[in-house]
Amino acid sequence: METTVDQYVPSDYLPIIIQFAAALAFVLFALGLTHLLGPKRSSKVKDAAWESGIESVGDARTPISYKYFMTAILFVLFDVEIIFLYPWAVNFRSFGVEGFIQMLVFMGLLLVGFFYVLKKGILKWE
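Sequence positions in the sequence shown follow my numbering and run 63 to 188.
FYI, nobody ran anything at the bench for these hints, they're computed from the structure.
Beta-carbon label-pair distances, calculated as ranges:
1) E160 x G94: 56 to 64 Å
2) L76 x V159: 47 to 55 Å
3) W150 x F177: 15 to 23 Å
4) Y70 x K108: 48 to 56 Å
5) L86 x D121: 37 to 45 Å
6) N153 x G175: 20 to 28 Å
7) F146 x K186: 26 to 34 Å
8) L185 x S156: 32 to 40 Å
9) K102 x Y148: 49 to 57 Å
10) I126 x G94: 38 to 46 Å
Derived lysine to aspartate or glutamate pairs resembling DMTMM-like cross-links, with alpha carbons at most 25 Å apart:
11) K181 x E143
12) K182 x D141
13) K186 x D141
14) K108 x D121
15) K186 x E143
16) K106 x D121
17) K129 x E143
18) K129 x D141
19) K181 x D141
20) K129 x E188
21) K182 x E143
Predicted model, so just to flag it, every value in this text is computed and none were measured.
Where is the CB? At the ideal position from N, CA and C, for every residue including glycine.
Produce the entire structure from the sequences given, and follow the hints as far as they go.
Spelled out as structure tokens, the structure:
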């Protein structure tokens, strides 16, 4: 009894390579064309730094509280953890009691982390 294994040859990848080359060529063509045809006006007002139509005031290097970054990181962390709840909720019945216990452990660890964050005072703003 003989089994055959599908082997890929380089020509199998030719359509992917062609599509990648066409996309790259289009991007380079579009960038080059806009660079050649676009206006090249420069002035003191045009080259000034503006943000939302308001002239910049102050130093851009002002220190920012680490609590801002900690809040952002915690948001991403807990947001990603909540994403794991959706597939579990969709397949709740197929997981049975074992899946329910595993999710309780997961939620318990998530709550321990949340209470740790509260205890450290990371979410308290002054």
